[in-house]
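Peer 1: Residue numbers (this note's numbering), protein chains in the order written: chain A, 602 to 1001; chain B, 602 to 1001; chain C, 602 to 1001; chain D, 602 to 1001.
Derived by calculation from the structure, the hints in this document are not laboratory data. Since this is a predicted model, take the numbers as computed values, not measurements. Careful: at least some of the hints might be erroneous.
Each pair may be met inside one copy or between any two copies, as identical chains are not told apart.
When the alpha-carbon atoms are kept at most 16 Å apart in a straight line, the in silico EDC-like pairs for lysine to aspartate or glutamate are as follows [to be verified]:
1. K824 <-> D904
2. K606 <-> D783
3. K801 <-> D783
4. K720 <-> D735
5. K606 <-> E799
6. K949 <-> D924
Protein chains: 4
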Amino acid sequence: VPFQKIINDPVHGFITIDDDLILQIINHPYFQRLRRIKQMAMAHLVYPGAVHTRFQHSLGAYHLMCLSLNELQHKGFDISPNEAQGAKIAILLHDIGHGPYSHALERTLVNVNHEAISKLIMYQLNKIFKGALDTAINIFEGHTTKLFLHQLVSSQLDTDRMDYLARDSFFTGVSEGVIGYDRIIKMLTISNNQLAIEDKGIRSVEKFIIARKLMYDQVYFHKTVVSSEQLLVKVLERAKFIVAKGQQVFATPTLQYFLMHNFSLQDFEKDENCMQNFINLDDDDVMSAIKIWTTHSDAILSDLSKRILNRNLFKIKFSYTNDFDEIENAISAKYSLNESTKGYYLIKDNFEVAIYNATSEKIIIAFKDGTSMELSDIPNTLIEHLALTPIKKYYLCYPN
Amino acid sequence: VPFQKIINDPVHGFITIDDDLILQIINHPYFQRLRRIKQMAMAHLVYPGAVHTRFQHSLGAYHLMCLSLNELQHKGFDISPNEAQGAKIAILLHDIGHGPYSHALERTLVNVNHEAISKLIMYQLNKIFKGALDTAINIFEGHTTKLFLHQLVSSQLDTDRMDYLARDSFFTGVSEGVIGYDRIIKMLTISNNQLAIEDKGIRSVEKFIIARKLMYDQVYFHKTVVSSEQLLVKVLERAKFIVAKGQQVFATPTLQYFLMHNFSLQDFEKDENCMQNFINLDDDDVMSAIKIWTTHSDAILSDLSKRILNRNLFKIKFSYTNDFDEIENAISAKYSLNESTKGYYLIKDNFEVAIYNATSEKIIIAFKDGTSMELSDIPNTLIEHLALTPIKKYYLCYPN
Amino acid sequence: VPFQKIINDPVHGFITIDDDLILQIINHPYFQRLRRIKQMAMAHLVYPGAVHTRFQHSLGAYHLMCLSLNELQHKGFDISPNEAQGAKIAILLHDIGHGPYSHALERTLVNVNHEAISKLIMYQLNKIFKGALDTAINIFEGHTTKLFLHQLVSSQLDTDRMDYLARDSFFTGVSEGVIGYDRIIKMLTISNNQLAIEDKGIRSVEKFIIARKLMYDQVYFHKTVVSSEQLLVKVLERAKFIVAKGQQVFATPTLQYFLMHNFSLQDFEKDENCMQNFINLDDDDVMSAIKIWTTHSDAILSDLSKRILNRNLFKIKFSYTNDFDEIENAISAKYSLNESTKGYYLIKDNFEVAIYNATSEKIIIAFKDGTSMELSDIPNTLIEHLALTPIKKYYLCYPN
Amino acid sequence: VPFQKIINDPVHGFITIDDDLILQIINHPYFQRLRRIKQMAMAHLVYPGAVHTRFQHSLGAYHLMCLSLNELQHKGFDISPNEAQGAKIAILLHDIGHGPYSHALERTLVNVNHEAISKLIMYQLNKIFKGALDTAINIFEGHTTKLFLHQLVSSQLDTDRMDYLARDSFFTGVSEGVIGYDRIIKMLTISNNQLAIEDKGIRSVEKFIIARKLMYDQVYFHKTVVSSEQLLVKVLERAKFIVAKGQQVFATPTLQYFLMHNFSLQDFEKDENCMQNFINLDDDDVMSAIKIWTTHSDAILSDLSKRILNRNLFKIKFSYTNDFDEIENAISAKYSLNESTKGYYLIKDNFEVAIYNATSEKIIIAFKDGTSMELSDIPNTLIEHLALTPIKKYYLCYPN
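Just chain A, with the same shape it has in the complex (with noise of 0.2 Å):
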């Protein structure tokens, strides 16, 4: 009997896996992390369901892989046992880069994109592995002649994507985000070296569509979940701004090192102790230090912190412009703000949505005449009805 291990999975069942490499990066500790790493950092104050981790994000992506390679050689496309190996390990490991809270702390505390971080661990796997990771990180950078593996990767209709889709819906119980990702991978075909969908699935296509632009308007976009996430981007703002005038805030030795720091992507490719603090930096060690910094003598950061974690959170206010003056003001008046308060308690950003992005990332459907079009081309479709500029939306949080 050949190797076999089966993973329960709430969201897709059973989630199969009978490739020994695969099974040994899965049990190595850089994926092993992910298990520490939520998916949707805040969102869980919301919807307390959402605790969902980058783990099971990245197995059930891998297991929508499966399904969709198998689907695509069965419609008798070309798939090599090394291409397919390839791009589950891509799929696999294309989350390995995230920190925690990303996307919140991003921008904070780690400072480089998840993605190149993502590309330099599955390079040190790679030597790790001996190379055997190297078909997998060509189909994650697209250097492969068959496009449609690395699409099935990163595209409008990847499997991250899919997974995202119905695992975030399953778990926040927004069934407004709830899509038949079988029928997609049902209706995958191949049309000119590209992934594309087969004209009876149309409708499943447009569904997943909406479904994204529900799952954008009502959770990731959530007001609440927006100020949250914001507030956490202070908080650790101000225990970085506290630790760079020199003054002590406690934290793991991993988190130290980066309140301490300001990296580049380029120590993070030359330097090993970056990379290595990154490794075991996860949500564990944000939360415990947030908690104790409620006690912190800098009153600003005592206060940010028990916001955070008594759910105590900013308003928030949405605008199509960027005037907000008026509650500034106010704001400002009422809580005594001054140029070195206001960054703390006036948050200021914006976001844009887009329904469906016919340019960049079209979705190709292909006719049994052997013709395709793109998606927004094709008459009768709602993608043809709707606008689809994007939507920009301002916002600022602020105490109630």
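Here the structure of chain A is known, so what remains is to put chains B, C and D in place on it, guided by the hints.
Peer 2: Below, chains B, C and D alone, put in the same frame as chain A:
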């Protein structure tokens, strides 16, 4: 312990009947007849699971009505026990006038709109129950100062629609139609005496509208579903034609009655026989006859009947114009069709789908500050981005 | 791209047909007939959702067979393409010989066991398909050296049982019958040429057995279900009695044929007419006739028919003994029953339920060290703790 | 419009909070702390989805309490608003005294039973809320004439158990534990002042008991789960041992506090510091420390810590006897264990599982005629056929 009857429903879980009058109505043969009328006519030829009945749907809509009324009462809106009972009975009976395979057959076999018949049956039941349905009938017909009660029975957000989308999606297995009706119901409110949705529920309503659109695309106007229902119409037309010529076709007495006559609403109102026969008519009459017609001496009747019975359906072509001349000529030639046979073998018709109708039956969103807006007026909704002109499609059904 | 047809199934998701012979069998009128035969006979009078058909069940069992064969092949067991196709066809056709409302009617209307008829129909199809069903028939009948293939079609762990428990539970909404068939399939293995379960799957198998027991208690032997099926038997008995007296009852020609004769298996084997009529017989024949019998001049026939049609069923009393004298006397007196009417109004029968049969059709558990044990021999299983003697219950149905 | 807050729960859907006091309790830091305590300790090392928290579980049990009280009130049983509020608060706070990784750590780190601490915290909250929790505390402690209210909080059918079985099953993805709690709640009644189940609900209760048994077999006493929790106990024991020797280990101040002392219930009652520190202690303290201990100079502490962090767990052997001499000797030799190291590398313990306890905490079935019976006394139930003596298992954990 007060009276309580529980019915297991695979879609909603337990449906509770705790009102003796409502139980008596459910037990009445008029309502029990709905057990023998499939909700989705011939759609089970494409989606084998879709054999659920109008009986189930009516109970399901009743259940959602109970939940909706509870929610509104809990929010402090005044609904008397009599009004609540009326609304429950109104939704329970909203489909009581459906004959077999309507909507397919209401223009061929019965000729009278099912809603008109529903009202007549409600009047009859009201006599039987000595006026106990007065309030129900007023709510059904919109004669109430509490317009929202009528809207729960019939509007873009009525409990009829909520149930059939949830139910049809469940039994077809088409996840694109899954809706979060529990959230919609939680968000129900009343604004200016009209049914409205709290602003927190916008995304759920949007998903509801999109789900409905996708169900039309994928199920209700699925090519094979449309084609099989057109075939059914033609079989019955042919049988009526043969009977009109004075020849015999096998039929149960009740079906015979409707094959021999063309009735008007007046007939239903005046002729007790007419109504009594209608009450006896269900899917079994139609299907048991068609099976026997497969061996009828009339070549057209037997051919069409065999096609239905053994699922050897017509092809169907959709188009944005009404021009199918090329295929029509080819098929006419191939099968030597003439004026008297064309009507059965070249079936042309059209349908219209609107995503959302912002003028008739608008959906009202109620904000916390007491103001309200029509859904498509709200910025950054999906609906706002959609071109809302209904889409009209023409189609031709023909033998392969 | 190879041939592939997908069917939506609400229970299992997508069912894939990728074999042309199997598609032809599904499209054959003999198989399409199963669309018109409800899986659970009259159970929908208690569980309104339970109107699913033998067509769905047969496809579902076929799907689970595909999954099971894949699993075993993946584990390295040798199953040739021809054997796989044979097993799939065998399970697809395992219920092909069911008439309407069997098991209720196979002793009254048809008189021949449905399994015997299934075999005859398979032989006919094998002629039509020129011997292509040879392997399927051998597997169905157990004439194979690979016993496990037959066991996948018929044993305590066959894919028939897995599908009907999952399906009946889904459509009734009775969660007590939900089983983890995906885990059971993942745990399938072969031990000494017999189907077995890996030891990690013991709990899933136990749950499966318990779920089946609970479904018998709650659904298959639900009082009202038993009572309604006995009433159906009596209606048909009475109609046959009237026909035997030389009087007329309304019936489709096919039903008429079976009301007029009592057939044996030999008749089915020799008389083509007999089989041809059987092939035409379905639920619609029975129900359309009963509706008309509600106005028959025979008081018993019309009374029993009305009871079925309008769900005015007999009461039923269960007992561990066969002694119902008291009620029988009371009812006989109340309704002035005599020898010729008692049989219709006092219906006595019994049934037996075994939780698990450890002698016939044992379930084998395979351990990692290569040994195997029968399930109830394993210490600390639920089954070990259960007294496994089947329970026999007697019952009496009677008017209220 | 009255006050109403809705929380999305992936298990139960929407949870409604419509009582201001209850909302204040939920918002209190003592309750918010439960967000940082995983419900299933280390079980996520086997079932990656099982990272749900005691916060979610407490809200879920509260929700089932609301449904149960509604059901009983609807059936005409007298429950005053004050009693209903009390029962809701009692269940909300039933787990408030859980520390991190209890049950694993309540004997090592905290030394005091979590239920005793729960009571102390309730008393504190009662002071804070000026006596508003009097009724809740009485119900929690069983000081009420309406015993059934206490039983809804704590008994074989309490809403605690209903929620954790449903929730743990949902998040592990182990379908064997799925229960029909909605049906159980619909069947709740009161008999002689005690909580009981209507006879129609017997099968649901049986399924509930069996599901619980299967969850113990498959999840709670899963080998790897038991082994990982024993490892955790040993890590903390070692850390305490090092601290007791006067050496340093990294820890947050709060964790340090518990590593340095051994407290009794009296300490918790009298020493405000003790309780205050407990209130600050959660999973993050434990996990952030263990990560740092992986580089501690004490070889045992660092080895055990690494094993936890990177999921390199001990093997475990189950047995019906307490005799593991053979393995113990082999492992002792292999790793040169001595008296001071054996305790960390050869971990022996045992557990007991009872399927159903018919003497303490019986389940009462109420019949329509007013009589009632204890579940296992009822003929032909599964329970009646089960040998109900609890099963005791011994186990040994050891390095591979």
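Peer 1: Please sort K801 with D783 into within, between, both or neither, judging by C-alpha distance up to 16 Å.
Peer 2: within (13 Å within a copy, 27 Å between copies)
Peer 1: First find the shortest C-alpha distance between K824 and D904 inside one copy, then the shortest across copies, and answer within, between, both or neither for a cut-off of 16 Å.
Peer 2: Neither: 21 Å inside a copy, 44 Å across copies.
Peer 1: Is it within, between, both or neither when you check K720 against D735 at 16 Å Cα-Cα?
Peer 2: within (12 Å within a copy, 56 Å between copies)
Peer 1: Regarding K606 and E799, is the shortest C-alpha distance of 16 Å or less found within a copy, between copies, in both, or in neither?
Peer 2: between (33 Å within a copy, 13 Å between copies)
Peer 1: Pop the pair K949 and D924 into one bin, within, between, both or neither, using alpha-carbon distances up to 16 Å.
Peer 2: Within one copy, since 10 Å is at most 16 Å while 58 Å is not.
Peer 1: Between the shortest in-copy and the shortest cross-copy C-alpha distance, which are at most 16 Å for K606 and D783: within, between, both, or neither?
Peer 2: between (22 Å within a copy, 15 Å between copies)
Hint compliance for this structure: hint 1 is the single one not met.
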